[in-house]
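Chemist: For reference, the chains in residue letters:
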Amino acid sequence: MSQPVQSKQHLNRNLSHKSVMNLCIASGKGGTGKTTIAVNLVLALGERAELMDCDVEEPNAHIFLRPEITHSKAITTPVPEVDFSLCTYCGQCAQICRFNAIAVVAKRVLLFEDLCHSCGGCSLVCPTKAITETTRELGLLESGHRDDIRFLSGRLRIGETMAPPLICAVRQAADPDKITIIDAPPGTSCPVIAAINGADFVVLVTEPTPFGLHDLKLAVEAVRLLGIPCGLVINRADIGNREVYAYAEEERLPILLSIPFERRIAELYSEGKTLVESLPEWQPAFVQLYEDIAALVRQKEALCVK
Amino acid sequence: MREIVIISGKGGTGKTTLTAAFCALAQDAVFCDADVDAADLHLLLQPQIQEQHDFIGGAKAEIQPERCTACGLCQDLCRFKAICASHNAELAVDPLLCEGCGVCVDLCPEKAIDFPPQRCGEWYISNTRFGPMVHARLGIAEENSGKLVHLVRKEAMKLAEQKARQLIITDGPPGIGCPVIAAIGGAALVLTVVEPTLSGKHDMERVLDLAAHFKVPARLIINKYDLNSRMAESIVQAAKGRGVACLGRIPFDRAFTLAMVQGQTLFDYPGAEVRKEELRRIWVEILAALPEDKQRLSLNMYE
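The listed protein sequences derive, respectively, from chains A and B. Each residue of the first sequence is one higher than the last, beginning at 1 in our numbering. Each residue of the second sequence is one higher than the last, beginning at 1001 in our numbering.
Same shape as in the complex, but just chain B:
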């Protein structure tokens, strides 16, 4: 079983639009939305939810006023400035600042601090018209997005095993931080979607460095390349310099947005035959670029 993860560094380059199009082309795949912060793939794949589960992210400190003597030790020990005195001098934890380290919980001399696990979001197993899908919704302002990314990928893998499917297509998050690191570890291939802009180039270089850092093979797709063909070529060269080949250049086409407005992938949308042909060709190249199926790297970072 092999997993393709679609990332971009910069947001808004067309990751989800292209992921959805590839989902429509893939035979025998499981789909996974690992952009748990702002998940959008479901808007195009229209999943029918089969299973819904709570995501328990971590615990947060909660001071019990009846046991607290307001000695203030927790306030001194907390490195995240999460413990504040209210106007009546009672100590309370700001859940937005609490990191969930439990230092105050363990060291409170009165054992006055509880540490209840937090429900930080939900995750789902669904059916779509193209195949099974695992997706999630992280609660607003929550931490542990890396942990949830890890969880949806693991569940997608289990599902693929159950259903004897050979491929997982994962829509990744933007950036290069915790959720992206959690999204690419152990993947067979990362597909980087870049737009032909100076900022797109800058962000691509950082995300390719990240993929190299974690030893995951990468390929490039340039989206809306004709908005600046010269920049597109300079991006292809920059990627080449990092040993990353470009598998396709897709021009700007309103059909993508028009399809999106209908909740469709490009392949559900009537017309745009030239685009569809290009995407089919790129998909064949992506499959050809997949390395041989080998034992997956361990995904145990968050366990």
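Isolated chain A, as found in the complex:
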């Protein structure tokens, strides 16, 4: 009985080939509309897609998707714990730690848990095995559903500095049979890299202003460093100036979608409402956005095979 089902699944996976993919929505500048694009895209695609909120410092996707959260799990990272009955205060742990998370002063060992990067060096070099590991909570991994759409989100603990390992934990929970839409954090440093690394395509959302363009250029550099194809969505397309369009042409970056600045859209957004649900004429635009991206990914695949 299980045999034919399994082979059918295999067949499906082969047939659908690269229609299953990881699609990351990012931007250099914050507040350009990443979450808007991610949520509307997943709503337009329905059950074949899942939404992953990797902006763990300020996760917002749930506000718009309004999923039912069914699971919440603490994600932790290992940190050292010292058994003082075994400690000889030799100081080797402090010597290997590059993050100043452990210090040995006379007959005292000081632990600065918040600075620990969980490399495990101190417990490895401790000659008396006085150091074992306990855990520090990074934040929560929440999961649930909105109708048939699967939803996952990371939520960094207040005061926690290390977002990347939490982002990795969210991404590990991806369903390989679904189109995964990743809502990335703003910027271009390590949390962004953790969110976009390994994606098949990155959508960069920008606005046509000097700030938008300046930060877009940084984001394009980051995506290119990782060798991932990318395209643009231009939000509030009629504010500011035309320089972002000239830049897109120069760099041969496809403009996949433009959203005008309209008071009505801004008001819907402020209430946590989505375009696809409130203005259904947007539904086909987001389906088309996905189709265009899928075509670009197939094109790149074909080039790579050649």
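Simulated from the structure, these hints should not be mistaken for lab results. Yeah, the Cβ is synthetic: ideal placement off N, Cα and C, and Gly gets one too. Misleading hints may appear alongside valid ones.
As the list claims (entries may be wrong) - The calculated label-pair distances, taken between Cβ atoms and stated as ranges, are:
hint, chain 1, residue 1, chain 2, residue 2, range
1, A, 227, B, 1075, 21 to 27 Å
2, A, 78, B, 1273, 57 to 63 Å
3, B, 1261, A, 76, 43 to 49 Å
4, B, 1075, A, 48, 35 to 41 Å
Unchecked claim - The list that follows gives simulated cross-link-like pairs (lysine-lysine, DSS-like), each with its CA atoms no further than 30 Å apart:
hint, chain 1, residue 1, chain 2, residue 2
5, A, 73, B, 1215
6, B, 1158, B, 1215
7, A, 129, B, 1081
Given the coordinates of chain A, work out where chain B should sit on it, guided by the hints.
Modeler: Chain B in isolation, oriented as in the chain A frame:
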């Protein structure tokens, strides 16, 4: 000397636009751009760079193939999965994944792993038409943004001391993670710029919790409040519930964007007199909200 740090939780609420406007109003201040990931303040303040320095963030592991015996111990020990075997079975470090912990460096039996410090960006001391400025540029995909934030704030403080200036205005990063924590520790006041949206409210609550966690006094400014006045009021109430007062409500005004396109602060831009008057009034309130100058908290977290 006192420092005001402008943050927002959510990105794109108008931090840099308002920071630049306050820089134009401030007398006797030093400016600091602590959003090192995507620094934009220079686009409005047009700094003339006086000094340029490398930012050495941390070290990264580098396997020397001629000394490596491919025993694979480093691969087993690395918790960041940064060491991979290439097709000819040579081991190499992926610099994007390397955390710079040095565990492989110290424990390699052949001493085959070097640990060269990395140049992760640049920082600058500049002059602007409103006063001196410290800013930086973090390299693409780099770590250590918290360390660089700490560095620019420290340099801004030194500069303020040198120039006998009493105030530092710092443009902070979005979010609540490492760079924000590095940006607010020891500040006299954090000014939180919020937009009147449900997500803006959610993010404000988290960033105010962060400020409370690090015991930094906070105040609120609502930007573009008239895009949803009802939401704006609910945000003011939510902040009040956390003991944080709102110092001003600024309406949506295209003048801000038009000025930005010209590389100007609102005060360089002709017209928009009503907005300018409001901003002047808010600036007076901000200065009044600054606590008495007291010994700064230690900024030593990253040293």
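Chemist: If a hint holds in the structure, say so; if it does not, say that too.
Modeler: For each hint, the structure was consulted:
no. : hint                        : result
1   : 227/A to 1075/B: 21 to 27 Å : holds (23 Å)
2   : 78/A to 1273/B: 57 to 63 Å  : holds (59 Å)
3   : 1261/B to 76/A: 43 to 49 Å  : holds (47 Å)
4   : 1075/B to 48/A: 35 to 41 Å  : holds (37 Å)
5   : 73/A to 1215/B              : holds (28 Å)
6   : 1158/B to 1215/B            : holds (23 Å)
7   : 129/A to 1081/B             : holds (24 Å)
Going through the hint list in order, the structure satisfies each hint without exception.
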